[in-house]
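Since chain A is already given, all that's left is putting chains B and C on it; use the hints.
Residue numbers (the numbering used here), protein chains in the order written: chain A, 1 to 473; chain B, 1 to 100; chain C, 1 to 480.
The hints are simulated quantities; they were obtained by calculation from the structure and are not laboratory data.
Hints are supplied without guarantee of correctness; some may be wrong.
Cross-link-like lysine-lysine pairs, in silico, BS3-like; alpha carbons within 30 angstroms at most [stated by the list, open to error]:
#1 C:182 <-> C:133
#2 C:82 <-> A:373
#3 A:373 <-> A:391
#4 C:82 <-> C:4
#5 C:182 <-> C:172
#6 C:21 <-> C:190
#7 C:133 <-> B:14
#8 A:262 <-> B:41
#9 C:326 <-> C:114
#10 C:226 <-> C:208
#11 C:363 <-> C:326
#12 C:82 <-> B:14
#13 B:14 <-> A:257
#14 C:190 <-> C:326
#15 C:140 <-> B:14
#16 C:326 <-> C:290
#17 A:391 <-> B:41
#18 C:21 <-> C:114
#19 C:394 <-> C:326
#20 C:21 <-> C:117
#21 C:363 <-> C:393
#22 A:373 <-> B:14
#23 B:41 <-> C:82
#24 C:348 <-> C:114
Note that this is a predicted model, so its numbers are computed, not measured.
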Amino acid sequence: MSFKELVRSLHSGETDFLDYALESREKSLACQRETNAFLQVFDEAEIERQVRHAQGLVAAGSATALTGVPVAIKENILVRGYRASAASRMLENHIALYDAHVVQQLRAAGAILVGTTNLDEFAMGSSNETSYYGPVKNPRDLKRVPGGSSGGSAAAVAYGAVPLALGTDTGGSVRQPAAFCGVVGYKPSYGRVSRYGVVAFASSLDQVGIFAQDAVGAAALAEVIEGVDERDATSESMGTLSLESLLTQPYDFAGAKVAMLKETLNTRLDADVSAAWGSVQSKLFGLGAHLAEVSVPAWRYALETYYLLCCSEASSNLARYDGVRYGHRAAGITDLDDLYAKSRAEGFGTEVKQRILMGTLALSSGYFDAYFKKAAQVRRVLVNQMNVLFKKYDFVIMPTTPTVAFPLASLSSGTMEMYENDVFTVGVNVAGLPAVSVPAGVRGLPVGIQLIGPRGSDEKLLRAANRLQELIA
Amino acid sequence: MADDIAALLARASKLSRLDMSESELASLVPRAGAIFAAFDKLAQVDTQGVEPLYTFREAIELRADEASAGLETSSLLANAPESESSHFVVPRAVGGDDVF
Amino acid sequence: MSQKLFEAVIGLEIHAQLMTKRKAFCEAGVDADALPNQRVGIVSAGLPGALPTLNREVVTLAAAAAIALNCRVASRTIFERKNYFYPDLPKGYQISQLAFPIGSDGYVDIYGEKSEKLRVGIDRIQIEEDAGKLSHTGAKTWVDLNRAGTPLVEIVSRPDIRTPAQAAAYMKTVYNALVFAKVCDGNLEKGNFRCDANVSVRRVGEEKLGTRTEIKNVNSFRFVEKAIDFEIARQIALIEAGGRVVQETRGWDAGTSTTYTMRVKEDAQDYRYFPDPDLPPVVLSEGWVKGVRDSMPPLPDQIVAELQQRYGLDVGLARTLGADPKYYQFFQSLLTADAGLPADLVAKWICGDLSHELKVYRKEVDELPFVAAQLATLLGLVHEQRVSAQNAKKLLRLLFDQPQVDLPAHLREKGLEQISDRAQLGAWIDEVLAAHAAAADQLRAGDLKIFDFLQGQVMKASRGRANPVLVSEILKEKLA
Chain A
1 MSFKELVRSL HSGETDFLDY ALESREKSLA CQRETNAFLQ VFDEAEIERQ VRHAQGLVAA
61 GSATALTGVP VAIKENILVR GYRASAASRM LENHIALYDA HVVQQLRAAG AILVGTTNLD
121 EFAMGSSNET SYYGPVKNPR DLKRVPGGSS GGSAAAVAYG AVPLALGTDT GGSVRQPAAF
181 CGVVGYKPSY GRVSRYGVVA FASSLDQVGI FAQDAVGAAA LAEVIEGVDE RDATSESMGT
241 LSLESLLTQP YDFAGAKVAM LKETLNTRLD ADVSAAWGSV QSKLFGLGAH LAEVSVPAWR
301 YALETYYLLC CSEASSNLAR YDGVRYGHRA AGITDLDDLY AKSRAEGFGT EVKQRILMGT
361 LALSSGYFDA YFKKAAQVRR VLVNQMNVLF KKYDFVIMPT TPTVAFPLAS LSSGTMEMYE
421 NDVFTVGVNV AGLPAVSVPA GVRGLPVGIQ LIGPRGSDEK LLRAANRLQE LIA
Chain B
1 MADDIAALLA RASKLSRLDM SESELASLVP RAGAIFAAFD KLAQVDTQGV EPLYTFREAI
61 ELRADEASAG LETSSLLANA PESESSHFVV PRAVGGDDVF
Chain C
1 MSQKLFEAVI GLEIHAQLMT KRKAFCEAGV DADALPNQRV GIVSAGLPGA LPTLNREVVT
61 LAAAAAIALN CRVASRTIFE RKNYFYPDLP KGYQISQLAF PIGSDGYVDI YGEKSEKLRV
121 GIDRIQIEED AGKLSHTGAK TWVDLNRAGT PLVEIVSRPD IRTPAQAAAY MKTVYNALVF
181 AKVCDGNLEK GNFRCDANVS VRRVGEEKLG TRTEIKNVNS FRFVEKAIDF EIARQIALIE
241 AGGRVVQETR GWDAGTSTTY TMRVKEDAQD YRYFPDPDLP PVVLSEGWVK GVRDSMPPLP
301 DQIVAELQQR YGLDVGLART LGADPKYYQF FQSLLTADAG LPADLVAKWI CGDLSHELKV
361 YRKEVDELPF VAAQLATLLG LVHEQRVSAQ NAKKLLRLLF DQPQVDLPAH LREKGLEQIS
421 DRAQLGAWID EVLAAHAAAA DQLRAGDLKI FDFLQGQVMK ASRGRANPVL VSEILKEKLA
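Pulled out of the complex, with its shape left as it was, chain A reads as follows (with noise of 0.2 angstroms):
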C-alpha cells in the first residue's frame, strides 16, 4: 500500500487504527523473530494508549498525516521510560528519562510508536553486525545483512511490519541499509532535525533520518520531525518542508541539471548495482534530464576525511561513559581508573573500542593538526566545492551502494573493506547536504539510488525522488 493511500485508508475510518497498529505489532514480532530487527516491541497496553491518543486528534480536528500511523524507532533515540541501548552493553540497563525531540514530535502528532529497533552498536558499522544484541538480517535475503547502521529500522520497513522508521545517518547509515533492503532511505540536510535526545555519536555529521516505502511516506515524517529546536545548537530553519509540496508539485525532470561526479564513476560496481544505475540514467534521460560529468576533487577524500572526523568526535562524545552516573560498571573494583577502564573495556565492543582509539590519537597533541584540523578544512574545500556544483545542478546523482548486500559474517568490521560500502555516502555527510535513498533495483537483490541536493534543498530533494520512484516503479 503506499503511503498516501494508507493516510486516506485510515483517516477516512476504512482501516481502524487499534486493528492496524495492533497489526503492525504482531508484524513486528514476527520480523523480531525472523530477522532480529526490534529489539523491543511495545505491549498491547502501550499501543492502545497511544491509539486512543490519535483518535483524540482526530477527534479535535487536529489529525494529521502521522496520526494512527506506525512507526519504528532506532534504539540510539530516546523513548521516555524504555531502554535506550544503542544496541552496547554499555546501556543494556540504561532507561532514557526522557523523549528525543523527534519522539516529542512523533507523539504530538498522533504517530504509533510501535518499538525500537536493533542497530549497530552506538551506530557504527555498515551491517548491523557489531550489535551486543546480535546481528539483523536482511528480510529480502536471511542470509545477507541488512545495511547499517541503521539495519534494524530498514529491515521493519522492507518486512513490513511497519510503514515508517526513524533511524540516524552519519555515513550513510540511513540510506546504505535503505538500498540493501529496497525500501526509501532519507537523510536531512544536517541542522534540519534536531540531535536532543539522539544518542551522540559523531555530532557534526549525525542526523536522524527516515525509511518509508516511498517519498511521500518520508516526506509526511520529515515534515512532523524538522525545524529547529532550541534544545539544539546546531539545528537551524531552513524554509518549508511540506508534504503537500510532493503531492500537488509533483517534480519535473525536463531540464534538470544532473550531476555525475567523475570522482565516483571508476568505482567498481555489482552487476545488478551497474545495470540498475544503467536504467536510471537512461529513463532520466528520457524525461528531459541533463546528465553531466562533473569533477569535485575533494571528493576523493570524503572517506578519509569522514572517518578521521568520526572517530575523533566520537571518542569524545563516548567519555560520558564511565560507569560512574549509569550505564555499566565493572564489578569489584576498587581503583578508580581501574573502574573507568574496565568497565569502558567491557561495556565497548571491538568497532567501537577501535574508533575511539583512532579518534583519541587523531585529537592528541602532535597529530592534532596533521589529522583531526586538517580533515576539518578538507571538509571546507569539499563544501566549497560543492557549492560551487550546486550553483549550476540542481542534483547530483550516484548508486548509493558499490554493492547489493552482501552475506552475514563475510566482511569484518574494522577494516577498509568494511568501511568502503560507504565511500557513495560519506561525502554527504561531510558536506552536511540532504540525500534520499530510491530503491532502483531491476532484477535481483534491491539496489539504491542516490539523489542528492544542496543544503536546505529537502523538499525539492524530496519531491524530485518522489517522481524517480514513479519512474523506476
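Then chains B and C, alone, in the frame of chain A:
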C-alpha cells in the same frame, strides 16, 4: 612502523581509559596501520589558507537565563551503579585536575 | 639576604563564578545551597543524547568582565572541549575555551604603599563550566553534580607580578572590578572567586624563567600573599641547598601556613582540545559590545575620578573608597540617608574610624549590625559639632554593641552633648578669666603654657562638654 603504532595504541588506550590486553592491542595494529595510511592521504589536499569547518551553523542562538527544575534526584540516581545519601559513589579519587 | 639575589616571577589564574540563574550550558539552575544532586539537568548529568545550549547572560557577564579588565572583547568566540576523566566531570570533557577566548590583551593597574603603579597584563579571559563537588570518605568518593556546569570566567594574568604583596593587590583589584561590574558576587567563603598562583624564582639578571609550581585554589587575599611568600622562600632555600624545584601542583595549608605537594605533574596531560561541534561560534557585534559597556555600572577608575571631581575628595581617599565596591556603596547610602553630610567627612570616617572598628569587630562593611541611617545620625552630630571627636569614636563602638540606640537621647542622658553655643562658651570663658585674672595677665605677657591651663578650666566648668576647638578660638579672641 608497526612498533610505533602499537605504542600509539597503548597510549591512546590509557588516555581514553580503555583497558586492553596486549593481544587485543596487537590485533588492532594492522587495521590501525591501514587506517593511519588512509588518514595520511589527506596531506595531498591543498588546504593553504583554508579555515577548518567545525560547525555548519555560523552563529549560535543564545538562550534566556531562566532555570528549569532539573532532573528529579531519584530519577537521576535510579540508573546509578552505586549511590548513597543522594550522591553517586565511586572508589576514592586521588589528585585529579581542577580539584576544588 | 638571599631574597635580594633572587627575584620571583608570579602569574595568577583567577576563577570567578558568573552571577546567573541558569547554568552555562545546561538548563538547570545555579544554587549553592541546594541539597545534593537537586540541580542537575540532562546536560550536567552527562546523559546520553544531551546537548549543550548557551545561556546569554553568561556571554553578557563575561564580556562585562573583559571590559572591566580593559580587555579586547572578541568579535567571534568559540568553545572547545577539554577532554579528561574525573568523577566530577559528567561528560568526560569540560566545555572551555582555547584559541578564541572572549577577552584578551587587558590589564589592571595596582598601587603600592607609596602609590607606585604597576600595570599587570591580562593575557586572556575565557568562559568555562565548573565541575561537580567531590567528598571523600575512607575508600570512597561521593559525587554531587549540583555545581557541575556553573558558569565561570577564568582570568589569566601575564607573569608581570614580582612580590606577594603585588599578587594580593592584583587579586583584590580584579575582585573589586568584577564585583563592581556585577559580574561576580564575590563570595570568597563559597569559593565563588578563587585563585591559582604560578610561582617561580630565578637569579636576578637571569632571563630564563625558573621551574614553576602552581598553588591551587586560594580563596583569600591574605592567604594568597602568605602562600606565595612561603613558596618563594621554599624555592630559594631549595635552590641554595643545591636542589631543584619540581614542577608540581601545591596546596595551601592555612593551619600550618605552608604549601604542600598535591600532585606532581606527570608528562603533561593531553587534553585533546577541539572546537565543540555542538556549539556554533558566538558572534558579537561592535554594537552589542558597546551596549554591554554602556549598561555597566561605573567601574573603579571612573568612580575614583567621580569621587575626586564631584565630591572633591583627595586622590588617596578617592582611591581607597573607590577601590572597594562595598565601601563605595556604603558611602553612597550614608549620603542618601543625610544629604547634608559633607562627603569628605563621610569618606574619612569610612576609611578611618569605621574601617578600624570593622577590623576590631571582625566584620565586613556589609555586615554592620546597625543601619546606615544610624551612622548618618552620628556623623550628623559630628558635623554639627554636637559631640567631640573622642566621644564620637565611643559612640561608634556603642553602635556596634547597641545597634538600635537612640544616639541623640543617649548623648543627652550621659551628658555627652558637646556644647558649641558661642554665647554659653563665652559665658564660661568669662567666668574662668574672671576667676583667674592673674593667670590671664601672665598669658598676655607671653606665658603660653597658661593657655592650656585656662582651656582646661573652661572644660572643667562645662563638665567636659565644651567644644574644645571653639573654646580655644573664643579664648584667643577674648585674650587678644
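Hint check:
For the hint pairing residue 182 of chain C with residue 133 of chain C, the CA-to-CA distance comes to about 25 angstroms; that is within 30 angstroms, so the pair holds. As the CA atoms of residue 82 of chain C and residue 373 of chain A are separated by approximately 16 angstroms, the hinted pair is consistent with the 30 angstroms bound. As the CA atoms of residue 373 of chain A and residue 391 of chain A are separated by approximately 27 angstroms, the hinted pair is consistent with the 30 angstroms bound. About 41 angstroms separates the Cα atoms of residue 82 of chain C and residue 4 of chain C, which puts this hinted pair outside 30 angstroms; it is violated.
Only pairs whose Cα atoms come within 30 angstroms are accepted, and residue 182 of chain C paired with residue 172 of chain C is accepted, the gap being roughly 15 angstroms. A distance of roughly 16 angstroms separates the Cα atoms of residue 21 of chain C and residue 190 of chain C; the hinted pair therefore holds under the 30 angstroms criterion. For the proposed pair residue 133 of chain C and residue 14 of chain B, the alpha carbon gap of about 25 angstroms is at most 30 angstroms, so the pair holds. Taking the CA atoms of residue 262 of chain A and residue 41 of chain B, the gap is about 19 angstroms. The hint holds against a cut of 30 angstroms.
Using a Cα cut-off of 30 angstroms, the hinted pair residue 326 of chain C and residue 114 of chain C holds, with the two alpha carbons roughly 24 angstroms apart. Proposed proximity of residue 226 of chain C and residue 208 of chain C is supported: the alpha carbons are some 25 angstroms apart, at most 30 angstroms. Note on residue 363 of chain C and residue 326 of chain C: the hinted pairing holds, with a Cα-Cα distance of about 12 angstroms set against a maximum of 30 angstroms. Using a Cα cut-off of 30 angstroms, the hinted pair residue 82 of chain C and residue 14 of chain B holds, with the two alpha carbons roughly 16 angstroms apart.
Taking the CA atoms of residue 14 of chain B and residue 257 of chain A, the gap is near 52 angstroms; set against the 30 angstroms cutoff, the hint is violated. Our distance criterion of 30 angstroms between C-alpha atoms is met by residue 190 of chain C and residue 326 of chain C, whose separation comes to about 18 angstroms. Our distance criterion of 30 angstroms between C-alpha atoms is met by residue 140 of chain C and residue 14 of chain B, whose separation comes to about 23 angstroms. The suggested pairing of residue 326 of chain C with residue 290 of chain C holds, with an alpha-carbon distance near 26 angstroms, which does not exceed 30 angstroms.
For the hint linking residue 391 of chain A to residue 41 of chain B, the alpha-carbon distance of about 29 angstroms falls within 30 angstroms, and the restraint holds. Annotation: proposed proximity of residue 21 of chain C to residue 114 of chain C is violated, straight-line Cα distance about 42 angstroms (limit 30 angstroms). Among the hinted pairs, residue 394 of chain C with residue 326 of chain C is consistent with the structure: their alpha-carbon atoms are about 24 angstroms apart, no more than 30 angstroms. With a CA separation close to 38 angstroms, the supplied pair residue 21 of chain C and residue 117 of chain C exceeds the 30 angstroms bound.
For a cut-off of 30 angstroms, the pair hint linking residue 363 of chain C to residue 393 of chain C stands: about 17 angstroms separates their Cα positions. Of the pairs offered as hints, the one joining residue 373 of chain A and residue 14 of chain B holds, with about 23 angstroms between alpha carbons and a cut-off of 30 angstroms not exceeded. For the suggested pair residue 41 of chain B and residue 82 of chain C, the alpha carbons sit about 28 angstroms apart, so the restraint of at most 30 angstroms is met. Of the supplied pair hints, the one linking residue 348 of chain C and residue 114 of chain C holds, its CA atoms being roughly 19 angstroms apart against a limit of 30 angstroms.
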